[in-house]
Structures are given as structure tokens and as C-alpha cells.
Amino acid sequence: MNIIVCVKQVLDPEIPPAKFKIDPAAKKVIPPPGVPPVISVFDERAVEAACRLKDKQGGKITVISLGPAQASEVVKHAISMGADEGFILQDEAFEDLDSFGIAYVLGRAIQKIGQYDLVLCGRQSADWGNGQVGSILAEILGIPVVTLACDIEAADKKLKVKRIVKDGYEVLEAPMPSLVTVSTELGLPRLPAGMRIMIAARTQVPVWKAADIGAQAAELDKAKAHTEVTGLSVPSRKTECEMISGDSPGQAAENLAAKLAKLM
Amino acid sequence: MSPVSVTYWGIPGYAIFWVLFAIAAVLFAQRLYFLFRLMRLGKAENRFDRIGQRIKAMLVEVIPQWCNLKTVTRKDIAGIGHALLFWGFSLFLISYIIFIGLAGGFGASSAIEGTNFEVVYFSILDVAGVLVTIALIMAAVRRYIIRPERLEASAEAGVILILVFFLMALNVAVVGFGYAAHDSNASWPPMGAALAGYLSGSGLAQGTLEAVYQAMWWLHYLVIIGFMVYIPRSKHLHILVAPLNILFRPLGHKVVLKPIPLEEAEYFGAAKIQDFTWKDLLDLYSCAVCGRCHASCPAQLSGKSLSPREVVLNLKKHLLETGPELLAGKAEASSESKAKAMIGDVVTEEEIWACTTCGACQEVCPVGIEHVRKIIELRRNLVLSQNKMPESAQLMLRNLQSRGNPWAGVQSLRLRGDWTSGLDIKVLAEGDKARTLFWVGCTGALVERNVEATLAMARVLKAAGVNFAVLGDAETCCGDPARRAGYEFQFQMMAEQNIATFKKHGIKEIVTTCPHCYNTIKNEYPSYGGDFKVVHYTQLIADLIRRGKLKLTKELNSILTYHDPCYLGRYNGVYQEPRRALQAIPGANLKEMDRSKNNSFCCGGGGGLMWIEEQPGTTKINQMRLEDALKTGADTVVTACPYCLQMFEESIEHKDIKDSLKVKDLVELVEAAMKRS
Chain D
1 MNIIVCVKQV LDPEIPPAKF KIDPAAKKVI PPPGVPPVIS VFDERAVEAA
51 CRLKDKQGGK ITVISLGPAQ ASEVVKHAIS MGADEGFILQ DEAFEDLDSF
101 GIAYVLGRAI QKIGQYDLVL CGRQSADWGN GQVGSILAEI LGIPVVTLAC
151 DIEAADKKLK VKRIVKDGYE VLEAPMPSLV TVSTELGLPR LPAGMRIMIA
201 ARTQVPVWKA ADIGAQAAEL DKAKAHTEVT GLSVPSRKTE CEMISGDSPG
251 QAAENLAAKL AKLM
Chain H
265 MSPVSVTYWG IPGYAIFWVL FAIAAVLFAQ RLYFLFRLMR LGKAENRFDR
315 IGQRIKAMLV EVIPQWCNLK TVTRKDIAGI GHALLFWGFS LFLISYIIFI
365 GLAGGFGASS AIEGTNFEVV YFSILDVAGV LVTIALIMAA VRRYIIRPER
415 LEASAEAGVI LILVFFLMAL NVAVVGFGYA AHDSNASWPP MGAALAGYLS
465 GSGLAQGTLE AVYQAMWWLH YLVIIGFMVY IPRSKHLHIL VAPLNILFRP
515 LGHKVVLKPI PLEEAEYFGA AKIQDFTWKD LLDLYSCAVC GRCHASCPAQ
565 LSGKSLSPRE VVLNLKKHLL ETGPELLAGK AEASSESKAK AMIGDVVTEE
615 EIWACTTCGA CQEVCPVGIE HVRKIIELRR NLVLSQNKMP ESAQLMLRNL
665 QSRGNPWAGV QSLRLRGDWT SGLDIKVLAE GDKARTLFWV GCTGALVERN
715 VEATLAMARV LKAAGVNFAV LGDAETCCGD PARRAGYEFQ FQMMAEQNIA
765 TFKKHGIKEI VTTCPHCYNT IKNEYPSYGG DFKVVHYTQL IADLIRRGKL
815 KLTKELNSIL TYHDPCYLGR YNGVYQEPRR ALQAIPGANL KEMDRSKNNS
865 FCCGGGGGLM WIEEQPGTTK INQMRLEDAL KTGADTVVTA CPYCLQMFEE
915 SIEHKDIKDS LKVKDLVELV EAAMKRS
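Protein chains in written order, with the working numbering: chain D, 1 to 264; chain H, 265 to 941.
What the hints contain is simulated information worked out from the structure, not anything from laboratory work.
Computed from a prediction, not measured in an experiment: that's the story for all the values here.
Quick reminder that beta carbons are idealized off the backbone N, C-alpha and C, glycines included.
Take these hints with a grain of salt, some might be off.
Stated by the list, open to error - Only part of the chain H face toward chain D is listed, based on derived beta-carbon distances under 7 Å:
hint	residue
1	L526
2	L648
3	Q658
4	L661
5	R662
6	S666
7	D737
8	T740
9	F753
Let the hints inform the model, and build the full structure from the sequences given.
What follows is the structure, encoded as C-alpha cells:
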């Protein structure tokens, strides 16, 4: 099976709120110094899903990432988990694209790679969380898309995908090739083990520019973008805490119940 | 005249002597050769370096029996008993060679029997025999009546006690009947002579006495050669193997972990018994089942299924079971269904992950078994080849990989350089050089309670005028949690990265507040090209106080008890300096816990256990250690390790005794005692 996984490098979501700063004028996030960025948590699950399929069926996993030069770190991380090779898509023209632009670039890269049976993405990115790139990419490639997958199986050129719905899950059958976006319900990603860590550490990840993948300037024109960020701010949160008291624990419980009844 | 020169029913005694000896010798040698071949299945390891130093160390351990005397405590004096047995029996062994072998078998009896040398030697043997018998009785009473936890009332042990007792008794009987049969008036050796006197007056015919004498002599001989056959087939093999095992002990660092070579291998770590080195297999032979390791293991004592003794014995059994097939050239055991998996059947995963690598087992083992590295080798296979580990370990290792420290989200609570803000501390930037580095370590930079100790350390260093720098963000984990958890490649990468950073800044000396970092950088980084002078801060502080650079004048009215961190104490022998530093504090009243110094009881945080969940349903190790501290009546527990500090804070919180007991890092007390300028 040939699988392509799209991964994104994001600001570490584990930083405390106090460290998270934005530039409201430029509508950009200011990464705190000294914090290494990490692989988007959903994309890591996508890599894990690919590795599980490769464990069962054999095949090849190719990882692509649109980002700065440092994005090679997440490609290497994917290789250490079990991917065979990877590329980063880095070009000035690729900066500040919206979901449509990103999907376009990824689509061009996938077309350059050529043959594939499955494209995997995280259900959304761990920073902006739009959740659109996967579906748009599938449209561009002209393949079916199944979102919010928690389990993927492959047999006889068909995919069986378990998809999360509100109160449980549904199982869908999709042809190959298809695009599937993966959610964290897939489970814990494997710890890179054995020689793979050393192999990944020594890998040089090739960089593809706009010209390498045939990305047209017209498609990347920001003036023609589908979406525009009009404002970026950090929400202020106020919490109030009222202690409900009573003469006895039982009385306090009654008072609490009465209060809740009034609020609901 | 030796009974060997008598003819029995037409067969010369010499023939009987040598035929019996040959049979015993063949059985003895055959078994030893088999065990040797099994041992050779293990991987190579160089334990032959500095052979002169090794021989000297072995002689010191074995001949004065320091190996056993060092384990003697008020509650457990068995080491003394063993020493008596050893010295006594060594004298007997020499007598067998001279008086049975040379005098009997080789017919040199006329030159040896009846001589003053014989009389003197046998008199000494009388004394030795009494001491040995006392030791045997002590041993039997302990094992079968008192029944301490660490000893099993096994048949194997009983057999040896009875056999040795027989030898002692037969020795006297042979002399007694011999003297009586040959009308000797000798009064030495005393016991034999006394028996002879009684027999002479008993009215037994000379012929009877002679017959009994000869029978006793041959019985004595049979028991001795029976020993030869029995010893290599029982745990008493340790008699032969233990001195060798001590000879091949690690000379420097006590837990010798091999770096894993980078060439493609089918798998890593130990999945089969032959994946261990020959020294590991020799360890298995050396075990005398004394159970001291079992009785000092914090995991075992807190109710976990892990017992170092059982690990060693189960591996030994596994080696003996699978050995014959392996020697026959079959790589795997023949039938899949019968094949026992070493990890899973012989040693369970639960046992493997319960070890805190505290080293108490190795410290107390009289025969030099290296338990800890076997556990780590098993972990390496689980983690690197099977990708199996407790979820809590997996989370920690993933954080180590992606964030460079094991502390998860805490990473960013205090970004590594953040604690320096407000203090005038040099943070090394690109191109900077410094001689002395204060290596903070992950816990000291990232966990709130431990940052307090780091700040105290920085202030103390500045007050003492020490010229130092820190790495700030460029400091990644030393790699210790990765290595102890078996995640060796990650450790290697971090080690290489840190060494490169040190070299880049021209660092020569490293001071650290964490014993794990201290141990790793000092003892393990040299294998990766990193040779630096590494100092634990307690050593530095003790030195600064001694040189007068730190003046402790403010009185601290406290009853203190110092908890020896495993990686500072047992692993590196640093016991005195922290105590000297504490005793320099005016008003500090230092009380020792029962289990202190090299017998210190682990806090439960080492070996990756800081992050790995302890077996549910068992006592927490740190809670057990808290009880030790409480028994001293101290109001403050002092420690010199960030994990120990965390573990005590947690157990104190759990027991809800924060008002009566505090835990402090040593540097916090030192700072408090410094005169405010």
C-alpha cells in the first residue's frame, strides 16, 4: 500500500496560557522563545494510522509537510515512527496561505509523488483548528473523503473506516484511493523505537519549492484568497466562585440544589 | 599406615581410591564443562582489564571474607558464620589434599603421617572443626527455627549442613579410631586423642578398632568425593564460582551498561538467555540463594512481585533448561508451545518495570551479582524491539523525544532559562566560553518545588564567589530516564548532543544538583567522548565550607535526618560530604535513619519510576521511606536529589503531616544558615 501522510508542525500546545502571545496588528502568534514546535497531535495519529496499515499490509509511507525549514523535524519524527521518506514544501509563496491555498499546495505535491492508495491527514491542525484542508484536498484530488476516523483497515483495494459520530461511531467502506482524516480516538501513537530513531536523525529531508511541484503563482495569490483573518485576540476569561454554605452537609447540598435549579 | 595401602578382598586400596576419584573427577569436570559451555553462549565482554587490580580486589574480598563481613548488621550476623565456615573449611580442604591426596593416594604417607606437622595441623583442625560446627548449628537454627524472611528452608541447604557436619565428625573419628587402633599415646590433636583414650579403655579388640578405623576413613573419603560431584550440581557451585565472579566485577562504576552499536540488528536488548553477556551468566551460577537482595529490594519490601533473587534464580533455571538445546545448535527451542519466553514467562513485565535501579541488591550481594543491568537489558528489548512499556513510561519517553525533557506540559511552566531572570547569572550564548557549568537538570528547572532549590543553589554559588555559567534553553535532559527505561537510542542522541554543547563552550567542570545527572555525566558520558570533571553540589558546598568561602552563622534549631539518594550514595560513594555540610550548620542536630548510607532505602523515584505507576494494590515506596524518617523524630528531612525531594513532598502531603515534618534540599538549609549581608 502506498500511503501519503500530510503533517504540520505547530506551536507546542502544552505551553501555559500566560506564555501565549499574539501580535494583534499583524494578526499573528508570537512563538515564545526557546520552545521547540511539535508535530500536530492529530497529524501524529495520522502517521500512526499509516504505520499500523504498513505493519499489516506492507508498503510505503511518504510524509509531506508545508512549513518552514524547521518542519523537517516533524518529517523526521514521522520517519522515526515508521514512515519511509518525506519532503517539506517550503517557499515564500507558501507563507500565510488559507486552507484552500494549503490544500492546493499539498495537492500539487501529491500529484508529483504520483501513485498512492490512501492520503491521511489529521482531522484539524492543533493550532488554527479549521479542519478544512483534508476535505478540500480530497476535492482537489478528486477522491472520496472520510473524516474523523478512529480506525482504518484495508483489504482487497477497499478501506473500512470507523468514523466518530456524536453518540458512537459508524463504519464506512471507501474505495482506494481515498483521503481519510484521523482523530485522536485512534489511540496513542507508537514510541519511535529500534534503529528508526537513529535513521531519522541522520535523514536529510529534501525541500520542494513552488517550481518543483508546479504550483502556479495565480493560485497562490493572496489577494484572491478565499478567507481572510480580520482579527486575532486572546479571550479574557473571568471566573467567579461562589461558595455555597449550610448548617450541615445535607443543608449545604439542599442550598446548592436550589441554586442550580434557579440557574438552569 | 594409610588405609589406601591395604588390600580389600583382593583389591588394592590404591585401585579403589583412584577409581572412585576418577569417577568423581569425571562427573565433576563434566558438569563444570557443561556449565562453562553454557556460559560461553553469552555475548562477549571485556572483564580482563587491569588484571592485577582485579586479583588483588578478589583476594581481599574472599580470603578475609570481607564479601560477607560487610553485610553483617546488628540484626543479621550470618556473615560472621559464613566467614567461620569458609576459613575453617579452607583448612580442611588443604588437609584433604595433603593427608588424603598426597599421603593416601600418592602413597606419601610415611613422609607425612606421624610427623609433627601432621599433629600440629590436625590440632588446628580440631579448633577449626569446633568453630565450623558452631557455625553449622547457628546456620541450622537460623534457617529452620528462626526462619528470617530472606532464607528459604530448602533441602539443598540442609544437605550441605549435614554433609559438612559429617565431615567434622568423621575427621575426629578417623583420628580417634586410628590412634586407638595403632596404640598411639599422642595427646594431640585433643579431640581425636580424647576419643582414642576412651576407645582404648573400652575393651574393643584391636582388629575391630582397625576395621572401624578403615571404614571411617573410606566413609570420610566417600563424603569428600561425593561433595565433588554434588557441588557443581547445586547452589553450592558458588564455592567455585563466586571468587571468579568477584574477580570479574566492574572495577569502577557499579552498573555497567553497554552502548548499543549502530549496525542493523535483528533486535535489541535481551530477548533470549544468550543475549546476556558471559558475565551475566556467570552471575547466575554464583548465586548462593542467601536472599539478601530480596530482603533489601524496595520493590519487594513494598509488596511488588519483583524479587532480585527470583529474577536471578529464574534466569538460571531458564539457562539450564534451554542450554542443552542451544548447545546442540538449535537457535530456538524446538517446539513453539513448550518454548518459554524469557520476557513474560521467566521474568514478567510487571517485575521488569518495578525496579527503581536503586542498587541495594548489588550493594548487599556477597558474590558480586549485577542485578540492575539485567533488568535494563530486558527493558531495552521491550522498549526498542517490542515497543511495549507501561503507558506512563511511554508518555514520559515521548516527551523526552519531542520536548527534550521528561516533564510533559510542565516544560513550559518555567522555560529552561526562565528561572534565571532577576538573578545576575551568565546564560551561555552562541560563541561564549566558560570553565565551570552549573548543570541544572530537568527537574530543577521545570518543577516548581525544585526550582526553589535551584535558586538557592545559584544564590549560594554567587555568595561564595564561584564563577559559573548556565546553559539555559540549550540544556536538554541528560538522558538518564531514557537510559534507565531502556530507551537507549534516545539516550545516546541526548548524550552526544550535550557533549557537543559542552565542548562548544569549552566547559571543563560541571556542577549539578541532581545525582542522576551527576552519575550519568560523570560515569556514562565518557563512553560517548565526554570527559569532564563532574562535581555534585554537596561536594562543592562541603569544600567551600572547609575553605571558608561559605560561612554558616545563622542558627537552625532543627532535628534533621539526611536521606542518602541512591545515585549519590550507593552509585558514587558520596556519603560524607553532605553530612559534613549539614554538621557545619550551627544548631543542626543530625540523626541517622536505621537504613542510611549504603543501606539507604530508595525514595522510589529512580529507574524511570518517577513517572511509571507502581503496581496497584501495593504500598508506595516513598511512603515506606517516610516511616523511616519519622522514626528518627526529626522535624526536617534533608535530601540532595530532586526526585527524592518530590517523593518526600508527595508522601508528606499524602500523610497530611506538613505541619510536623518538612523536607528540604540540603542547599536550602545551607542558604538559610548563611549570614544575610
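Hints, one by one, checked against the model:
no., hint, result
1, L526, "holds, 6 Å"
2, L648, "holds, 5 Å"
3, Q658, "holds, 5 Å"
4, L661, "holds, 6 Å"
5, R662, "holds, 6 Å"
6, S666, "holds, 5 Å"
7, D737, "holds, 4 Å"
8, T740, "violated, 10 Å"
9, F753, "holds, 4 Å"
Violation of the numbered hints given earlier is confined to hint 8; every other hint is satisfied by the structure.
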